[in-house]
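Student: As a plain string of letters, each chain reads:
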Amino acid sequence: MLRWFLGGREAQGSVEKSSVLLIGEEQPKNCFTELQVLKGHFDIVRFLVQIDDFRCASAGDDGLVLVWNVETGERLQELRGHSQQITAITTFTCSHGNASHTSLITASSDRSLSLWDPDTGNRVQTISDLQSSVKCLLVLERLCVWVSGGEELCVWNKDFQLQCQRQNHSDTGISALIELPKNCMAAAMDKQIVIYKVTVSADSTVSIAEIRCLSDHQDQIRALINVNDGLFASGSHAGELILWDAVDWNILAYEHILWEESQASTQAEIRLGAPKPSEMSIQHLTTNGKLILAAVGSGLYVYSVQLKTVVAYRKVAHDSNVLHTMLLSDSELMSCSEDGSVRMWEIQDLPLPAEPATPAGFFGMWNFNRSNKQTGPPSKKVIDVPNIRALELIGDLIGHSGAVQMFVSFKEKGLVTCSTDHLLILWKNGERQSHLRSLQLFHKLEENGGL
Amino acid sequence: MIGSPDVVAFTKEDEYGETSPDLWAIPEEFSIPLHPLADSNPWAKTSYAKFTKDFILISEFSEQVGPQPLLTIPEDSKVCGTFDLNYFSLRIMSVDYQASFVGHPPGSGYPRLSFVEDSRVVLGDSKEGAFAYVHHLTLYDLEARGFVRPFCMAYVSADERKIMLQFQEMSLRFSQASECLKAGNRRAFAKELQRKLRDLEYTHSVLQKEEGLQREAGPQSMYSAHAVEKANELANVEKSIYEHRDLLRQITYYHHRPRRDPNAVTCQKCITECLNECEEVLDKYAKLSKPFAYSEKREKEEEGQGHINEKGGAEKVDTEEEEGVKRRSSYTPQMVKGKSAKCFDKRLKTLRELCNDNFYEATVELLKETERSFRGDLCYLHTCRLDRALRRKQMVTNFLFEEDLCGEDEDEGGTLRPFCAVNHAVDNCMFLNPPPIVLGPEPLELDALEPPDPSDPASETSHTQESELGLVESHLESSPSDQTLETQESSEETKGSLSSDKSGMGQAEREPNLDSMKSEAPDLDFDLMPDPDHNTDLERESSSEDIETTAGEDSGGDQTPVSLLEVVSELEAGNEEECEGVTDGACEMGSDLVPIDTACCMAQEGFLYEASDPADALPRLGQSAQPQPCQALVVNQEPHALLPLQNDYTVGSPCSESPAAGLELPLGNLGDTVSRISVEDGSDCTMSVSTGSDRAGSPLSYGGVVTLRHKKKAGQGALRFVRQYPFAMQALWCLLSGRTLVVLGADEGRVRRLVNALSLFVPGPGKCGERVQAWLSCPYTLTDLQRWKLIGLQRVASPVGSSMLYSLSRHSRYISILDADQRTLRCPPYRGRLLANIADHRTSIRRGSTYFLHLQSTLCRLASKAFLFTFTHHLHLPVSSTEGPEVVEGRRRCFLQEQLGLSDEDSLILLYLSQLITQQYLQPATGSSAAAATCFSFNYTTSVLYKI
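Which chain is which? The protein sequence lines are A and B, in order. Take the first sequence: its letters are residues 1 to 451, numbered as in the working numbering. Take the second sequence: its letters are residues 1001 to 1948, numbered as in the working numbering.
Simulated from the structure, these hints should not be mistaken for lab results. We put the CB at the ideal spot given by N, CA and C, even for glycine. Be a bit skeptical, because a hint or two may be false.
Unchecked claim - Computed cross-link-like contacts, DSBU-like style, restricted to lysine-lysine with a CA-CA straight-line distance of at most 35 Å: (1) A:LYS444 - B:LYS1865; (2) A:LYS29 - B:LYS1947; (3) B:LYS1713 - B:LYS1078; (4) A:LYS444 - B:LYS1767; (5) B:LYS1767 - A:LYS39; (6) A:LYS29 - B:LYS1865; (7) A:LYS444 - A:LYS39; (8) B:LYS1767 - A:LYS413; (9) A:LYS413 - B:LYS1865; (10) A:LYS444 - B:LYS1393.
Said to hold, decoys possible - Chain A stretches covered by chain B per the calculated footprint, using a threshold of three residues with CB under 8 Å from any CB of chain B: (11) 33 to 42; (12) 393 to 400; (13) 436 to 445.
Modelling step: build the complete structure from the supplied sequences, incorporating the hints.
Tutor: Right, dumping it as structure tokens:
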């Protein structure tokens, strides 16, 4: 389709860069028809957190935290203080009566932790010279404490005072932390999930105790999420998805995504020139309580908690690893990937079960010169899992020139994506924006009393 | 008759009584004038002129050789051809407008500088086929007779009408030039005086020493003839010192004097600088003069007996002198000869020497600029003016396709920017409000139809008071200074009568062309002031003046603002903000001029009589400040006005017009539209005048013209593109609907040419074409896409090139790609009909500039549709709360498709333009380009490939 100008004496687009899946430019269901590029970072932007319904903060390898107004695209604050890349960021809301105030806690490779006020841009608290850098943060709002995880596990109160500390035995340290019922929390440490219990005694001293260690994963745990009050899920590098009971920490379901297929399709993938062990790694998990969306390699898998099975999947959803996903609703989801695109998917009923491959898949291959030589797209491989539904691409957002690290949705206000190309892009619904502008225009007209 | 050039009449009687306005006609200012002289061939006029182009001539009335041309602008001898400059100089300089008083007026000890306002005259030489706007000015020269050197600047053209119709603007521009010259001259003159004073003092001290020696040597009882001669010489030198000192003081006071000439807005900074200089010098010499102070009177009575007193003074002088020598070692004082050389022996200073060098240069620049701006024939100038006026009406959408007017708009409020040609233009911004505007901030309501005078009694009374004060001063005046004043007056009248003519004609005739020469409001107060008695009857002078003032005030207040108000009331409330502003400004000026005038009188007299003693003035206040029955006075005035000034070579005869102007008053309601016309004309004129001033002021806005020229050139390219490429329409559609067009090619020249041509179609290209990038050889990013709407991209056969192509394909949904090498266009399909008439490859338009105009009109139409669409409330927002967005959407579609008859794709153009307008409107302050760049909208449609 684009060959007309790629042709001639020009070199062909490299295989890595060309799209596996192309939806084309006709995307009636894609409502993001306006974009705004937000500049400010000097290095890879890795994290985005939503502060309230119109602000978000971005943080990245340049150690900067920037606060943005999503409605206008304005940069509200520039939080400077960290000398090295930010490794974790979270919001910390404390409520004083009716009013709640949201602060930001950041952790950086310079082994410091900071508390910021996003309204003023002030660094309210800071702790430096930690023993190791913090990899994850968890706020336990009920207990009014927060936890930092790295090589050691530390509990802090809201005034940034260390409450207790616990060394870990593992080299890799804690990579993820989630809160569990009954003042427990789960920490992912290499192949294990450790359950800790946090106790606040009468004299308000806090202590943590390791209660249990779950070592059912065969490989490093990449993702750990709460599914609902009674469930949490973890995903490993080897493609295992385990559903745990949140109270008694038993395995409820074990799904080894892709194990068979990855074996079977290895041949094809090698021919494609991009076989990586990360092909079946669960990069990211997200859930809405009913469905779990797993980003596996460059594919997407939708797992139904109720049915305990994969209900829809697409093995090659992106050209490269999927980095972040989100379930917008029960049928709509969104993913971003190292290939620089954000894609929107819809879970559709298939006329024929077990036929997840779409014409778009073939369509995309047209661009390859080599596609002729191929036996067929890998997605054609028959998959044993009985699929009831198909994952259909309904739109893509192309703008970043590097991997899209993360995105945050502000519902109808738009979507913010951040990327390794140092940029953030604010995607908006053009129609809504033009409506807002019209409102503004007539408002101003009224104010001015005429033109 | 060589001595009397034709004085061109300013009005035609036959078009006088035309009324019965057509309500549906387009406003006068926008109509294309039918040639009033239907029988005359427009080209016939120029045929017998001996020069090909208009030019500016500077001449001098030299006291040695008579009138002589000094300089023409442009300085090309071809310009004047065989035209006899000497002869023409003779004619234009033979208007002895100044009647400058020279020498010692009786009753005053010292020679007086005459402060003469410039005069403006239109002269014609029908035999030569030359007509000229002549601007006379006087410069000071210590060595010249009466210390004055008369000069004139003339705009010479073969087209009489051109001069007549551009009179206001010419007057303004030449005033600026003249002010510049004069400012420089005053400085130079002060310096010269300073030098002369030093010489004189030196001489004085030397003489005194000699005299003292002689007296000691000789016997006490008798004086040798030699000694007497020495004493006389000494006395002469002393007298000379006094004279020069007085001159210096006069020149210093000059700046304090408010100007009567509304065009003569000077640069505050220049004035202040000069003033400081002068005052410094004056201070220095004021010290010297003290010891002599009391000897002054006696000296006049008996010159011979002054020796005793002077002796004491002389010592003082010596000591001062010593101090002085220390201070200014750079200059060695010279002995001054008792008698100056005969006037034919000395070499007169050149114009350049008379002014400072940089002032001279600045003036010449200014005149060059003036010449440039008046280039072209009247039709052209008129069309340009119309164009500007029209564009001013659509301020909101101008940014889309029109070149920038912003610089010119700033001045539109009717403010005359004080102009300074000498470089410190930045400081001028602070002085945007020259005196004429400051004085009467009368807020004009749209519905206030009553005459403004009663509406603002406070200012009225204050005015009267001022005028009373002025009158008191005038009573105190002694005759010689009266005379000076008078000459000024008459020169003023020259102008005043001119403007009255114009206003009279403007009101009377409905001649559209006149908009270029509408009366400027400030002039009107001079209307009823022609007083021929001035020159003859000195006794009556003061009283007649006071009549004048009152009358002028009254009529000024009554007459003009009424019509102005009518205009204001008839302005459409909608999109005429600028217009209003202008009219307001004009009104203010109109009502302000009275106080200025009186204040001017007052200050002037104050100057002439530095002994303005308040105690003396107060008792007189009551007697002179009697309320006069103004109407009667006006009537009384008229007979005088009927015969005056014909002898002066003024423009137009005030005799017939002044009464007419007066009679206009009662007709107010009947001649509604008529007067409206005149005033609208007036407002337009103010615009054009200020436009002119601005353009002259900042070369930047002159760049706008260059842009236009550049655009016209691009028109040729665009025409070629349209004719060559069958898919031109699609390309234009992409640009107009806001889809970035990338012109891809290996050959830079070709890509640049294409981009230049296509840049005409980029809506809102920015003041300097920020949204267009003619040539880009590095890979672009998404940010570039939203910044630029038209990009010329280098096609390179290298890895860089392939990555660039990769990003092109990646961003293909945002862009259209025109491949200049393979002659293909990849863009969404366009099937609309809207652009068919500007992108018809079988068009019969052959010339680029024609195509450009065709294009402009189409785009202008588009812009106005977009304007309508943007600002129609119900197309965007629900009318009632029950309406959902779908209803509004449906209404919008209905409007676009059925009322405007646009297909979906054509609607996109309008939607995009509307979006731009909205953005521009919402963020005018922050700078549209920045705001627009932050948002980038697109839509998801498939592209197709067009080939030749």
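Student: Would you mind marking each hint as holding or not holding in the structure?
Tutor: So, going through the hints one by one against the coordinates:
A threshold of 35 Å between alpha carbons decides the hint, and for LYS444 of chain A with LYS1865 of chain B the separation of about 21 Å falls inside it, so the pair holds. A C-alpha spacing of about 31 Å is found between LYS29 of chain A and LYS1947 of chain B, which places the hinted pair at or below 35 Å, so the restraint holds. A threshold of 35 Å between alpha carbons decides the hint, and for LYS1713 of chain B with LYS1078 of chain B the separation of about 28 Å falls inside it, so the pair holds. Our distance criterion of 35 Å between C-alpha atoms is met by LYS444 of chain A and LYS1767 of chain B, whose separation comes to about 24 Å.
For the given pair, LYS1767 of chain B sits about 24 Å from LYS39 of chain A by alpha-carbon distance, which is consistent with the 35 Å threshold. Restraint check: the Cα-Cα separation between LYS29 of chain A and LYS1865 of chain B comes to about 30 Å, which is no more than 35 Å; the hinted pair holds. At roughly 29 Å between alpha-carbon atoms, LYS444 of chain A and LYS39 of chain A fall within 35 Å of each other, so this suggested pair holds. This hinted pair checks out: LYS1767 of chain B and LYS413 of chain A have alpha carbons roughly 32 Å apart, not beyond 35 Å.
For a cut-off of 35 Å, the pair hint linking LYS413 of chain A to LYS1865 of chain B stands: about 30 Å separates their Cα positions. Simply put, LYS444 of chain A and LYS1393 of chain B have alpha-carbon atoms about 20 Å apart, close enough for the 35 Å limit, and the pair holds. Check result for the stretch 33 to 42 of chain A against chain B: holds, 6 residues qualifying (beta carbon to beta carbon below 8 Å, three or more required). Taking a C-beta to C-beta cut-off of 8 Å, the stretch 393 to 400 of chain A contributes 4 residues in contact with chain B, enough for the three needed, and the coverage statement holds.
Taking a C-beta to C-beta cut-off of 8 Å, the stretch 436 to 445 of chain A contributes 8 residues in contact with chain B, enough for the three needed, and the coverage statement holds.
Checked against the numbered hints above, the structure breaks none of them.
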